[in-house]
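*Asks:* This is what each chain is made of:
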Amino acid sequence: MSILLRVMRWIHRFNRGVGQLTAWLCVVMVALGAWNVVGRYVGRAIGQSLSSNTLIESQWYLFDLVFLLGATYALQADDFVRVDVLYSRFSPKGKAWANLIGTVLFLLPFCGLVLFHSWDVVASSWVNREMSPDPGGLPRYPIKAMILVSLILLILQGIADVIQNVAIILGQLRLDAPIVTATASIAPSTSELPADPIDPGALGPESTSPEAPTPTPPDPLENL
Amino acid sequence: METLLAPLMFVAALAFLLLGYPVAFSFGGTAILFSLLGTVLGEFNPRLWAGMPLRIFGIMDNFTLLAVVYFIFLGSMLQKSGIAEQLLETMGILFGRLRGGLAIAVIVVGSLLAATTGVVAATVIAMGLISLPTMLRYGYNRQLATGVIAASGTLGQIIPPSIVLVVLGDQLGVSVGDLFLGAMIPGLLMTVAFIIHVTILATIRPDLAPALPQEVLEAPGLGRRVVRVMLPPLMLILLILGSIFFGIATPTEAGAVGCVGAIVLAGINRNLSWRTLQEVCEATLRTTSMVIFILIGSQAFSLVFRGLGGDSTVQEFFGLIPGGKYGFLLVTLLLVFILGFFIDFFEIAFIVIPLCVPIAQQLGIDLLWFGILLGANLQTSFLTPPFGFALFYLRNVAPPEVTTGDIYRGAIPFIGVQLLVLGLLILIPDLVYFLPNWAMSP
Chain G
269 MSILLRVMRW IHRFNRGVGQ LTAWLCVVMV ALGAWNVVGR YVGRAIGQSL SSNTLIESQW
329 YLFDLVFLLG ATYALQADDF VRVDVLYSRF SPKGKAWANL IGTVLFLLPF CGLVLFHSWD
389 VVASSWVNRE MSPDPGGLPR YPIKAMILVS LILLILQGIA DVIQNVAIIL GQLRLDAPIV
449 TATASIAPST SELPADPIDP GALGPESTSP EAPTPTPPDP LENL
Chain B
898 METLLAPLMF VAALAFLLLG YPVAFSFGGT AILFSLLGTV LGEFNPRLWA GMPLRIFGIM
958 DNFTLLAVVY FIFLGSMLQK SGIAEQLLET MGILFGRLRG GLAIAVIVVG SLLAATTGVV
1018 AATVIAMGLI SLPTMLRYGY NRQLATGVIA ASGTLGQIIP PSIVLVVLGD QLGVSVGDLF
1078 LGAMIPGLLM TVAFIIHVTI LATIRPDLAP ALPQEVLEAP GLGRRVVRVM LPPLMLILLI
1138 LGSIFFGIAT PTEAGAVGCV GAIVLAGINR NLSWRTLQEV CEATLRTTSM VIFILIGSQA
1198 FSLVFRGLGG DSTVQEFFGL IPGGKYGFLL VTLLLVFILG FFIDFFEIAF IVIPLCVPIA
1258 QQLGIDLLWF GILLGANLQT SFLTPPFGFA LFYLRNVAPP EVTTGDIYRG AIPFIGVQLL
1318 VLGLLILIPD LVYFLPNWAM SP
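Each protein sequence line maps, in turn, to chains G and B.
For any residue, its number in our numbering is found by taking its place in the first sequence, counting from 1, and adding 268.
For any residue, its number in our numbering is found by taking its place in the second sequence, counting from 1, and adding 897.
Calculated directly from the structure, the hints in this document are not laboratory data.
These stretches of chain B come out as covered by chain G in the derived footprint (C-beta under 8 Å, 3 or more residues):
1. 946-952
2. 963-973
3. 1154-1161
4. 1177-1184
A few chain G residues that face chain B, going by a derived Cβ cut-off under 10 Å, partial list only:
5. Met297
6. Val334
7. Val349
8. Val351
9. Val382
10. Phe384
11. Ile411
12. Met414
Note that the Cβ used here is the ideal one computed from N, Cα and C, for glycine as well.
Just chain G, with the same shape it has in the complex (with noise of 0.2 Å):
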């Protein structure tokens, strides 16, 4: 068991890196989306394309990137929304039960038929070497082979899920914290907030910027 415990961690840790990397595109994608409106009107007004069928369809490679290689991480950081309107009243060894059915029932079994069926287009694009129809467009395999490994990355994040929630019922795995419910990312976490929102006292210049130190994403896993 602890060997599984340890390829578990191992996942969880490659994944989330793989998330928090992947992350960053978020910031190139907006520049190069500003500059692909900046450079359509500018480009106009000097008579001079800066935008391209490049830089349009890198904004949508980097899309897919974001969501394809975001998924595994949003799956750990427990953001896909749930219907927890029992699950929330699960204890925590009900949580790991309904995820581990979940996982072994619908997650696996789905990511490896789509996989399956993938497989072959994707390959077939790989041989052609197909390109985007439009000129100056971008080879098209190379994303086609992201659903791939997207979908590699979400299996192998399953088969941690799958040790540990067997862990968690087994007792060989307690996490103190439940698994967190499916609350948006969005949301702040309570300790980012000013203590009191109007409060007279906070209308001095130096306080309009609250330095409140920002708390880590919480990681059940952390604290073994």
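Given chain G, work out where chain B should sit, using these hints.
*Replies:* Just chain B now, with coordinates in the frame of chain G:
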């Protein structure tokens, strides 16, 4: 048999969702189980699964969905950099001299912010954390305070630029710009209706929503705060909307430029650090993946649902409804309202809406109007006890002295107001069409 398996699949999906496993994969898993069942019974051709990669490619080069990333980024940046809170504080003080002023500030800020996030859970939690303690401290009635938060958290769903509208536009095949324009008056109408409700209530029962104490109102530097922290984010959102409405930029483009604007604002407020940027990026990455994977799971679901002949079942079902256009509208709205108790907006948009669209078209229902009605309707659904999503999430962040009963009772008047507006939208479709027509005319 063919007629049985597809509806059974729908019911089974809802039942499986109750297990609490992430929705995206529950849909995908249900699809696999039923395609197996269908294959064994000879009702389903497993080769149809080969269409799945194409559907994923279709999502990958969808230009409209790109806007989702930008608006999520924008919303998270405004929140994580503290701009949203400062906006709420300042507006609270500004409106604070009125009875019920704090509640009005929550409605206004909620509708602005929710617009950029679109996930009910996120908005309600954020608003609950920021404003519930403040309202309670200043002596607001618990039911009113929670009602206002839950209502304004769901309100933003149909106020542009919301990602809900982006997704809706994609699924309905309507231009997102038109949807933004069409949603403008209905959204404002709801905002104003909420404000009127709060004002009337605060006038009749001043004890429910007291004005802020003098020392808060007279604190120095208010004017400077208005200029520094209130106007810039408002300007930013107006600029984004304006550039979309006047055809200067597509929603995706306006979103991208808006993100740059939000980064600059955070920088000016000295709230921009690598840390903040990293948090915003990670939130954007995770929320985007979540939304897109629900779409992927739903695509698998609808692939199998169609393969089992679900399309014709749905057609037949709606064919049985008397009353033509209005009968169909009534039943669809009611169905979606009930589904809204169990599943969030995106699941409904990705699964139910594609099934309704062809029938709505046959009946000559305009999809723009239909989309706005669905949005407004869902918003009410999220607010309705005992299952409403918004209420659950608020429960999770409310202090213990606020009971679930408080939250339920607080929501009811706002449901009434929303239903009133929904009724108006059905009776007077021009409330939706006015702006898009006006934008087209010159």
